[in-house]
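Note that the protein sequences, when read in sequence, are chains D and C.
Quick note, the first sequence lines up with residues 593 to 1187 if you use the working numbering.
Quick note, the second sequence lines up with residues 593 to 1187 if you use the working numbering.
Incorrect hints may have been included.
Copies of the same chain look alike in the list, so a pair counts if it fits in one copy or across any two.
Once the Cα atoms are required to be at most 30 Å apart in a straight line, the calculated DSSO-like pairs of lysine-lysine come out as [what the hints assert, rightly or not]: (1) Lys1155 to Lys981; (2) Lys677 to Lys1115; (3) Lys998 to Lys1049; (4) Lys984 to Lys648; (5) Lys752 to Lys796; (6) Lys1132 to Lys677; (7) Lys752 to Lys800; (8) Lys666 to Lys796; (9) Lys1077 to Lys1132; (10) Lys705 to Lys695; (11) Lys666 to Lys752.
Everything labelled a hint here was simulated from the structure, so no lab data went into it.
Protein chains: 2
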Amino acid sequence: MSILPDKSKDWQIQPLNRKGLHLRYSRYFIPTLKEIPAEAEVISHQLMLRAGMIRKLAAGVYSILPLGVRVVRKVEAIIRKEMDKSGAMEVILPSIQPAELWKEAGRWNFYGKELLRISDRNDREFCYAPTAEEAVTDLVRGEVRSYKDLPINLYQIQTKFRDEIRPRFGVMRAREFSMKDAYSFDTDQDGIDHTYIQMKQTYKSIFKQCGLKFKVVEADTGQIGGSSSHEFMVLAESGEDTIAYCDECNFASNIEKVSLDNCEFAYDGNHLPMQEIDTPQLKTIGEVSEFLGVSPQKFFKTLVYKTDDENNKAVVAVCRGDHSINPVKLANAIGVNEVTLANEELIESVTGAPVGFVGPIGLKKVSVYGDYSIKPILNGITGANKKDKHMKNVNSNRDMTHVVWKDIRNPVDGDSCPAIGVGKLSLAKGIEVGHIFKLGAKYSKSMGATFLDKNGKEKPMLMGCYGIGVARTIASAIEQSHDEKGIVWPVSIAPFKVIVILLQPKEELVVTTAEMIYADLIKAGHDPILDDRDQRPGVKFNEADLIGFPVQVIVGKKSVANKKAEIKVRKTGKIQDVPLETITDTIISTLDGLG
Amino acid sequence: MSILPDKSKDWQIQPLNRKGLHLRYSRYFIPTLKEIPAEAEVISHQLMLRAGMIRKLAAGVYSILPLGVRVVRKVEAIIRKEMDKSGAMEVILPSIQPAELWKEAGRWNFYGKELLRISDRNDREFCYAPTAEEAVTDLVRGEVRSYKDLPINLYQIQTKFRDEIRPRFGVMRAREFSMKDAYSFDTDQDGIDHTYIQMKQTYKSIFKQCGLKFKVVEADTGQIGGSSSHEFMVLAESGEDTIAYCDECNFASNIEKVSLDNCEFAYDGNHLPMQEIDTPQLKTIGEVSEFLGVSPQKFFKTLVYKTDDENNKAVVAVCRGDHSINPVKLANAIGVNEVTLANEELIESVTGAPVGFVGPIGLKKVSVYGDYSIKPILNGITGANKKDKHMKNVNSNRDMTHVVWKDIRNPVDGDSCPAIGVGKLSLAKGIEVGHIFKLGAKYSKSMGATFLDKNGKEKPMLMGCYGIGVARTIASAIEQSHDEKGIVWPVSIAPFKVIVILLQPKEELVVTTAEMIYADLIKAGHDPILDDRDQRPGVKFNEADLIGFPVQVIVGKKSVANKKAEIKVRKTGKIQDVPLETITDTIISTLDGLG
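Sequences and hints are given; from them, build the entire structure.
Pasting the structure below:
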């Protein structure tokens, strides 16, 4: 405890920490907000605004303030460390990219309005890159000739732009955002398989070090294409995605990728004659179920969808009354890109009945897809395709011979795990923070990125691509870990790990003590911030909890008189009275204990 | 020397250095070029392409490859360290900014075609920010209310775009480029003066740590505006700018900011009668001077300029035959933003004579500006404003009473220093790598960035802005320090400080020794790269010199047999034979010696 307190008002000459940072709250730009901003729907957006980490400049376009930048740099450092360790090499690819490249790969027209298109002063077309497959493939095809130059894996942490139709949730779905994107080039399938596994491990390691609880799930390859894909999902109530996982084995998957078992028809039961019944104004399964006193599990829930094929053909999908259709599974079953729920007009034209009375029986002019799970329903109920009428005693093997049987529903809690088959599935909400793809030869073929193999034969390189949303990782950490007072940071990515709160800035002994603790922590290689503001204690405590410094050291008149100070752990709220002579050690061991 | 050599071919499991980097040349992406690329005019552009640091994606748009990124990160780290030390705080402002902001500050129309304008999917106007005064002023005006919140200084290292009419010289004048830009906000003149001086010191410290020889020069505030401005000029033959400096005092300045003395007319000489002479087809001062046997110093060189005022008024400027007009000084003298040389048509319409025969005599309908230095010319020569005619015996006090006298010429070697006045000026070529401005209230007034002072009175904040071109700093280091073999890096920003060159990758003892030196350097906290490629020694030596690793450790069969290896210093070319037992220490002390 050798550094004397600095009572000067001139912040220029105050002691700096080991990184030369100037970390007094009184001179730091942290514009906190007391009120919950009306613009913010989700908690991470609210808390990032309130903690003074971000501010909106335009729809989906945010400035990141000093406290936010500190978190960004910590996440970036973890990403760089792990990517470098994996053998990947950092590059910086331009954000403004020529249209010709995107046309070459076939994505200029494909990408739609999400691609921000730009004309320069000479009316040449460019775009603000939302991803960099084209640019990196162009770079590598120009330099790599031989199998000897492969494999290589190039990554960058660079600003991207996606002109989202509905930017929302703050930095979670912003238009301008920073993404770590990596692109690997291998000579053969073994190589890309190996690189892919290595990237999966690297990503696990990154998110683990960011202090996140996450699942790695199998994912649809979607518009990027390729043969295999995994998403890294941070588990949080507010997640936009639903995932299914098994607690018995390692299985975890996006719900659209969960294969559910085929079922047997109810051959053995007593098939009663089908019968039309009156259900006046009873449109929902809930209403009819209550009216008839029959469980929703005995209902054939029937929905009409519009496909995106050239004729916008309508299809009908049927699942159990207590289940729901998964549109991605349905689209894959039909062989189209996308299905959307039909409007009333289309429903009536397909079934002849108003919404609420639709059923699969008698629908001959339209394709009807039935989920496997309705096969065992014995003497079930469905809409009669007539206003105010339902059918009872419907049996699928007898009455639905026109139906195509497929796996098209969402999994539910308790479904059998499709992996080893012993466990049961649980569902959870998740936020996608990372996504990895085996692209194969998709881009290398269309753009001519080839190499000569050992036998001098020209072959396309096999690619993978790997993305992490930097700000989204931060937002998801907040979604996962906060309470009614504010953010509860994982220690590894907290903007500052420790705040030293000086309660009475006019009491010399308090100031001296706080300054000494602050200086000692700096000497020990930590990055504390000193709350030296002339503010009421209540304000200081509230803001410390709002911002979520993991360890808070409270230096006040009474404790100091007893040669003590308090250490508060943000996560538990526990406060400990600690003698000044051991306080630095206790702070450090408390931090270590938090991981 | 404990780490055993790794003879595995699997690069994934090779030892990593302390930063976890994977630094074997054989697996590193360094696509060097043997030939000088035709597209590259200047040496830094040639060498950055040849050393595999950059590649062009489009005109003025470059990808930075791994070796280049290493240098970028080192320069950025120096910038961050010094900016943080100064108390500035890092932010990240969006690259895509709404037009409304730029209109508010009055720059949307002013900026012209250099501003890359963009419409989003909803046809809202944006631009790719070339600088961020608007965005940062918008941020600060929204958060800062009181003098207590000031001063603050916010900086970012962020990608900018300027749609240059003629992008050239590689990253030196690119369209997309990374700039460190900082913006300070103070309450009063003392504050901004203090911050400005502090930033000047910070910049000196940054460029010094980057190993650059530079001058801090007074500069014109130009389009950014404000009251004071300095440029940081790296001295290099290839510089686009000329600066004047005094070796007796600290004076250094852009040439347009050098005030040159007023002169006395040649009152005392014998004023001969003015006389028209025949100078058939002799259009240049050189030709007429030779024809008449009279030194160019006796000539009144006369040029016609077009101004950018609303009528594009023409003006005439006169200087000594051996001097040149400085267009910025001339524009300032006239009170316009810009002057450009007139075309033939305008010259003839103003003077009645073709190019080559223009002089100030008799030009009554146009403003004529004479540089002070022509006042002492006795019986001088100038164009007669008639084809194939000049005038001799011209005396300015007698024959140029219609002339406005101003300081409008460029300085020359040997001019008196305007600072203390004892020294003489020298001229040098420089590359602008940094620029600082006192903006004052220019943006805060137009955008309403005000605060309440101690007396509760609303006042505009006083701003400064401060820029460093990151890639340009790197290119200028190369312009300043290279030889016919390649780059000679300042040690502090070299991509790797040491290369260990393993000459015979199939000789076990050579491999073992090189691996041990490599591992020892890593252990000692250095960042070596190991050239483990199966290549001829000549190729390895040439590439090491091309890339410019400051220290090269050469491990070959013969030396190793004698328990020695060679240390070569790139800068001097000197090679030293060093016993293996002390080699790591010698490498480290050699590095230290290089600074």
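Against the structure, the hints:
1. Taking the closest pair of Cα atoms, Lys1155 and Lys981 never come within 30 Å of each other, the shortest separation being 82 Å inside a single copy and 98 Å across copies.
2. In this homomeric assembly, Lys677 and Lys1115 come within 30 Å of each other (Cα to Cα) both inside a single copy, at 29 Å, and across copies, at 16 Å.
3. Taking CA atoms no more than 30 Å apart as the test, Lys998 paired with Lys1049 passes in neither setting, with 43 Å inside one copy and 73 Å between copies.
4. Neither within a single protomer nor between protomers do Lys984 and Lys648 lie at most 30 Å apart by alpha-carbon distance, with minima of 55 Å and 70 Å respectively.
5. Taking identical chains as interchangeable, the C-alpha atoms of Lys752 and Lys796 lie at most 30 Å apart only when both belong to the same chain, with a minimum of 23 Å there against 33 Å between chains.
6. Within a single copy, Lys1132 and Lys677 get their C-alpha atoms only as close as 41 Å, which misses the 30 Å cut-off; across copies the closest is 25 Å, which meets it.
7. For the homomeric pair Lys752 and Lys800, the shortest alpha-carbon distance inside one copy (25 Å) is at most 30 Å, but the shortest distance between copies (34 Å) is not.
8. When the C-alpha separation of Lys666 and Lys796 is checked against a cutoff of 30 Å, the pair qualifies both within a copy, at 17 Å, and between copies, at 28 Å.
9. When the C-alpha separation of Lys1077 and Lys1132 is checked against a cutoff of 30 Å, the pair qualifies only within one copy, where the shortest distance is 13 Å, while the shortest distance between copies is 61 Å.
10. Proximity of Lys705 to Lys695 under the C-alpha cut-off of 30 Å is found in both arrangements, the shortest distances being 15 Å within a copy and 26 Å between copies.
11. For the homomeric pair Lys666 and Lys752, the shortest alpha-carbon distances inside one copy (20 Å) and between copies (24 Å) are both at most 30 Å.
Hint compliance for this structure: hints 1, 3, 4 are not met, and every other hint is.
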